[in-house]
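Undergrad: The lines below spell out each chain.
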Amino acid sequence: MKSVSREQATSDVNSASASTTRAGGPILSQLLDQRGWFILSNEGVVRCPLLVKGRLIDPPDVDRDSISRAFAALDQCRGCADAYQTYVAAGNAQVLRHREIDRQSMLATGRWIYTVMPSVEAKELVETDIDRLTFELYSLPYDSVLEWLRLVSTAIQRETELVSRVRDIDRTISEHPDAFGDIAYLALAFLFAPENATASVDSELSQHGVPGRRLLDEWVEMPVTRIPGPVHVVSADMLPDAFKKDFSSQKVLVRAMPTRQLHITAGNSPLVPVLSLLRAVWTKSPCALKLPSGAILAGGLVALIAATAAPLHPITQHLSMVYWQGGDENSERTLFSPGAFDRIVVWGSPDSIASVRRRAGFTKVIYFNPRYSVSFIGRDALRDGDLDDVAARAVCDSMIENQKACIASLVHYVEGSVEDAERYAEAVERALARWDAQLSHPLLNSHRALLKRMERGVFLDATVRFHQVAGAYRSGVVIAPHDFGIKDHPMCRLIVVRPVSDLDECLRFLHPGVATVGIFPDDRRQSLRDRVAARGVSNVVPLGHAGAAVAGSSHDGMLVLSELVDWKNG
Amino acid sequence: MSTRSGLHPHHEELLQQAMRWAAGAPFNAEHAQRSRRDALLRNHRHYRSCIPFYRQIADRSGVNDDASFDHLANSMLLPDAIFKSYPQSLLDQGDLRGMDRWLRKIFHDDVKVSVDEHGTVDDWLASLEGRGIYAVYSSGTSGNLSFVPRDAYGWWLFREGPLHYAPLLLARRGAVGPLKALLAAFAGRTLSPARFRQVFKRLGFRGFDGIFLNFSGGRQGTQVVGQELARRVRKAHFLYPAEISASAIRALTRGQSSLAEQARTDIFLDATVRRKVENYGRMVRATVAAIDDGQRIMVFGAPHSVKEFCDRILAGGKRIVLPPGSIVGYGGGWKSFAGEALSEPALLELIESAIGVKKQFVIDGYSMTEIGAVMLKCEQGRFHVPPYLETIILDDALDLVDGDDVTGTLGLMDPFAVSYPGFLITGDNVHRTRNPCPCGLGGETLLSVSRASGAEVKGCGGIMATVNA
Numbered sequence: 001m002k003s004v005s006r007e008q009a010t011s012d013v014n015s016a017s018a019s020t021t022r023a024g025g026p027i028l029s030q031l032l033d034q035r036g037w038f039i040l041s042n043e044g045v046v047r048c049p050l051l052v053k054g055r056l057i058d059p060p061d062v063d064r065d066s067i068s069r070a071f072a073a074l075d076q077c078r079g080c081a082d083a084y085q086t087y088v089a090a091g092n093a094q095v096l097r098h099r100e101i102d103r104q105s106m107l108a109t110g111r112w113i114y115t116v117m118p119s120v121e122a123k124e125l126v127e128t129d130i131d132r133l134t135f136e137l138y139s140l141p142y143d144s145v146l147e148w149l150r151l152v153s154t155a156i157q158r159e160t161e162l163v164s165r166v167r168d169i170d171r172t173i174s175e176h177p178d179a180f181g182d183i184a185y186l187a188l189a190f191l192f193a194p195e196n197a198t199a200s201v202d203s204e205l206s207q208h209g210v211p212g213r214r215l216l217d218e219w220v221e222m223p224v225t226r227i228p229g230p231v232h233v234v235s236a237d238m239l240p241d242a243f244k245k246d247f248s249s250q251k252v253l254v255r256a257m258p259t260r261q262l263h264i265t266a267g268n269s270p271l272v273p274v275l276s277l278l279r280a281v282w283t284k285s286p287c288a289l290k291l292p293s294g295a296i297l298a299g300g301l302v303a304l305i306a307a308t309a310a311p312l313h314p315i316t317q318h319l320s321m322v323y324w325q326g327g328d329e330n331s332e333r334t335l336f337s338p339g340a341f342d343r344i345v346v347w348g349s350p351d352s353i354a355s356v357r358r359r360a361g362f363t364k365v366i367y368f369n370p371r372y373s374v375s376f377i378g379r380d381a382l383r384d385g386d387l388d389d390v391a392a393r394a395v396c397d398s399m400i401e402n403q404k405a406c407i408a409s410l411v412h413y414v415e416g417s418v419e420d421a422e423r424y425a426e427a428v429e430r431a432l433a434r435w436d437a438q439l440s441h442p443l444l445n446s447h448r449a450l451l452k453r454m455e456r457g458v459f460l461d462a463t464v465r466f467h468q469v470a471g472a473y474r475s476g477v478v479i480a481p482h483d484f485g486i487k488d489h490p491m492c493r494l495i496v497v498r499p500v501s502d503l504d505e506c507l508r509f510l511h512p513g514v515a516t517v518g519i520f521p522d523d524r525r526q527s528l529r530d531r532v533a534a535r536g537v538s539n540v541v542p543l544g545h546a547g548a549a550v551a552g553s554s555h556d557g558m559l560v561l562s563e564l565v566d567w568k569n570g
Numbered sequence: 001m002s003t004r005s006g007l008h009p010h011h012e013e014l015l016q017q018a019m020r021w022a023a024g025a026p027f028n029a030e031h032a033q034r035s036r037r038d039a040l041l042r043n044h045r046h047y048r049s050c051i052p053f054y055r056q057i058a059d060r061s062g063v064n065d066d067a068s069f070d071h072l073a074n075s076m077l078l079p080d081a082i083f084k085s086y087p088q089s090l091l092d093q094g095d096l097r098g099m100d101r102w103l104r105k106i107f108h109d110d111v112k113v114s115v116d117e118h119g120t121v122d123d124w125l126a127s128l129e130g131r132g133i134y135a136v137y138s139s140g141t142s143g144n145l146s147f148v149p150r151d152a153y154g155w156w157l158f159r160e161g162p163l164h165y166a167p168l169l170l171a172r173r174g175a176v177g178p179l180k181a182l183l184a185a186f187a188g189r190t191l192s193p194a195r196f197r198q199v200f201k202r203l204g205f206r207g208f209d210g211i212f213l214n215f216s217g218g219r220q221g222t223q224v225v226g227q228e229l230a231r232r233v234r235k236a237h238f239l240y241p242a243e244i245s246a247s248a249i250r251a252l253t254r255g256q257s258s259l260a261e262q263a264r265t266d267i268f269l270d271a272t273v274r275r276k277v278e279n280y281g282r283m284v285r286a287t288v289a290a291i292d293d294g295q296r297i298m299v300f301g302a303p304h305s306v307k308e309f310c311d312r313i314l315a316g317g318k319r320i321v322l323p324p325g326s327i328v329g330y331g332g333g334w335k336s337f338a339g340e341a342l343s344e345p346a347l348l349e350l351i352e353s354a355i356g357v358k359k360q361f362v363i364d365g366y367s368m369t370e371i372g373a374v375m376l377k378c379e380q381g382r383f384h385v386p387p388y389l390e391t392i393i394l395d396d397a398l399d400l401v402d403g404d405d406v407t408g409t410l411g412l413m414d415p416f417a418v419s420y421p422g423f424l425i426t427g428d429n430v431h432r433t434r435n436p437c438p439c440g441l442g443g444e445t446l447l448s449v450s451r452a453s454g455a456e457v458k459g460c461g462g463i464m465a466t467v468n469a
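Line by line, the protein sequences are chains B and W.
Numbering of the first sequence is given in our numbering, commencing with residue 1 and proceeding in unit increments.
Numbering of the second sequence is given in our numbering, commencing with residue 1 and proceeding in unit increments.
Honestly, the hints are just simulated from the structure, not real lab data.
Lysine-lysine pairs mimicking DSS-like chemistry, simulated, CA-CA at most 30 angstroms apart:
1) Lys404/B with Lys364/B
2) Lys84/W with Lys452/B
3) Lys452/B with Lys105/W
Could you build all of it, start to finish, from the sequences and the hints given here?
TA: Structure, rendered in structure tokens:
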């Protein structure tokens with residue numbers, strides 16, 4: 001955003017977007033064609049705009065040769081066991097590359113798809129005019145938030161062609177099975193529905209029965225009494241009578257104040273950036289959101305729709321959806337500096353979490369740490385008639401985001417002998433085979449390496465069974481008689497079945513790193529749930545329910561909206 | 001296999017080749033390859049018949065006794081994690097018999113029943129030694145210790161094998177005078193391994209006093225190297241004149257589960273933390289005394305220990321210049337126990353400014369507890385692979401990559417690994433080249449070594465590294 005020509009381009013784009021307000025349709029299509037956004041060129045290049053405080057930023061023109069040269073320079077330094085570098089900065093552009101994946105074979109075609117984005121100055125993401133925020137965004141009646149959501153949701157529903165176009169491009173590089181990507185795009189309109197905001201906010205921010213929305217809008221009197229502090233007691237003789245008289249009649253007021261939020265999101269689910277964005281919007285807060293490299297296009301789409309459906313709305317005016325390379329000192333020094341934001345939300349890899357933890361010491365940070373989940377299968381499940389039913393439920397819990405989500409079950413503890421576990425594993429294999437037949441998924445080389453290590457003995461005494469189609473891995477079941485290092489789990493549609501003599505025995509494997517435990521049968525869940533929860537597990541659910549969502553429920557042990565607002569006493 | 005029957009002829013031949021190679025004799029790469037691959041095929045048959053775990057993997061992969069070398073390289077490289085594949089709960093519960101049963105699966109012989117049923121990991125290691133099994137261990141950030149078991153023969157090869165060529169490589173670097181270097185080269189080219197051992201035993205490193213920045217006892221990999229060198233110098237001084245405790249190392253990362261572990265951890269912390277300044281002070285005084293005695297000095301330790309030694313000297317206000325011909329050797333990770341990273345150029349500069357030893361006389365060694373070899377870095381900055389060690393390069397899917405100049409994950413096949421599976425996928429990424437090294441030494445070299453991404457921390461990540469399920 002430094003050069004004059006880019007400023008001009010940005011201005012053009014934003015006047016165009018302003019003129020499309022609520023009109024949408026042809027003007028938006030015209031804008032896309034004019035700018036060449038979200039079009040996959042023959043050379044494998046997609047141009048994706050980003051959003052900075054309501055302004056759409058056009059990616060600069062970068063020719064394919066420059067991109068190839070920039071990546072070639074990185075590839076020269078690459079060893080054959082290293083992952084390919086996926087990011088280059090080329091002039092004012094940022095370019096990410098992903099492997100194109102053939103959706104039939106789910107194998108890489110050998111072609112790269114390049115996503116070109118504008119580079120963004122970190123300081124432009126920081127809100128420094130607190131009074132403007134106070135009188136503009138923070139003073140907005142909540143109905144206006146709902147109106148923004150309605151506009152965006154309606155635009156998403158209206159722009160089916162655009163959504164399909166972006167989805168089709170995204171599909172070429174997605175590491176998720178197609179159906180997971182499809183449902184994520186389909187869910188967008190639903191997620192932006194105002195009803196979700198009211199349900200979540202009213203529940204999570206409620207105080208003394210006052211709905212959260214009201215607390216976000218104004219100072220609300222609480223039905224409590226102000227109690228004198230020690231200072232009042234010891235100084236009682238010195239205080240004016242009028243003060244003492246007024247003391248207990250002073251109202252106790254509370255407000256949920258919006259905060260300036262920085263969201264650093266992860267791409268293990270395409271919905272993570274959207275959910276994080278919604279939390280900022282729901283709390284009426286200015287937001288700078290870093291898109292994950294695996295969900296740039298979906299994020300760019302939301303940014304485009306927000307900027308064109310409600311361009312002048314304060315929420316859009318204080319919304320940024322951007323990308324920078326994780327760990328980039330220049331950007332992060334500014335963004336993590338004391339006072340730049342009131343809240344930082346971090347999802348993602350251990351490296352991202354550790355990096356933010358180290359550098360953002362003066363800002364309140366909400367961490368969504370890497371976690372994993374497990375299933376407890378009680379002895380009653382092993383009755384022949386029930387086995388396939390139980391395995392299907394448990395596999396459903398394992399397949400959340402194709403086992404990439406932290407609530408996806410990696411280990412099924414089975415109460416019984418090794419023979420029982422083998423019988424259960426066969427049922428799991430049957431369930432997985434159905435998934436493999438209907439929802440094929442790509443496999444990365446890093447997964448292949450982990451599977452090879454597993455086959456060659458990382459798990460002692462384990463029985464390793466892979467389901468292969470035409471010689472290629474599709475899913476796997478490992479029956480492990482002993483405990484094993486969870487870090488050796490490849491998280492690629494592989495389930496470790498661990499026989500245990502009693503479900504009580506599994507409790508020693510629980511800790512705050514375990515997000516969810518799905519338990520069958522339900523009477524065992526009820527008898528175990530306090531002991532499971534006391535060990536740091538966040539969700540103790542009936543088997544098969546791990547992937548379900550409930551508005552207003554806690555996430556990683558937190559009522560997140562409550563963490564995102566600043567509670568004020570007045 | 002037993003030492004009673006002497007060195008196996010094929011091992012003797014491999015050592016002879018290593019000596020000639022290090023002494024600068026004409027090097028025939030094809031001949032070296034034939035010899036080592038012959039030994040590796042023998043090992044495969046031995047593993048298959050005697051090591052249950054190896055047999056199981058071989059059967060699963062359809063690899064029989066007649067497998068070709070290529071077949072083995074493709075299918076039988078095993079992750080180095082097999083040496084820590086025991087259930088951590090066994091050590092958590094002090095179940096020594098359980099550990100014995102695990103060990104048997106990766107060891108080539110029966111493991112006699114131990115007297116004690118329960119105890120600490122240190123008790124187990126001591127008990128194994130009493131039963132003729134020498135288990136060297138290493139630790140990573142996860143605190144899950146790897147145990148590599150060797151019988152008496154394998155133990156001898158592990159300790160003595162590298163001494164057939166490493167001193168000759170040091171002589172090439174000028175660590176001895178020009179005349180002695182010539183004599184050493186002549187000995188390396190002409191003597192039999194047995195005769196060379198006799199000569200080396202008599203002369204060894206007797207011209208040196210040793211400053212060993214490690215523990216005087218215990219079976220942790222780097223410590224063992226220090227202990228072996230210490231046996232060959234005139235006078236050895238250890239930073240920690242005590243046995244390193246495996247229980248303490250494990251407990252420090254994973255937490256203490258028993259009173260015995262707590263006690264050992266306290267002793268460990270007392271030596272390494274509470275009395276650290278005192279210990280380094282003693283090493284500085286020993287250095288000055290050796291200089292006064294007119295001895296050359298060999299300083300050895302992990303990089304961060306060498307740094308601390310140099311820092312300690314400089315903190316005293318002035319440098320202590322070691323006598324000409326003194327050497328500094330280091331090996332092991334480039335991170336301190338607290339995770340602080342160290343750069344080699346910075347360390348080299350520090351060494352020269354603190355003790356006056358120039359880069360030429362600073363020896364970096366690359367090895368791991370799972371192999372009976374050490375790769376020494378030459379003045380050109382390359383680690384030289386001894387001719388008896390087979391290196392394999394693997395890509396990110398762990399498929400073999402061929403080529404004279406390739407970078408990838410390092411696989412190793414060690415003919416001296418006779419009592420455990422010695423065909424391994426390491427956790428390191430290396431740049432291997434067969435192009436000649438300007439230093440003039442033949443054979444393969446490693447231009448760079450780095451920890452493979454995710455070798456210790458991966459998947460669910462750091463906080464999960466210690467987690468079992």
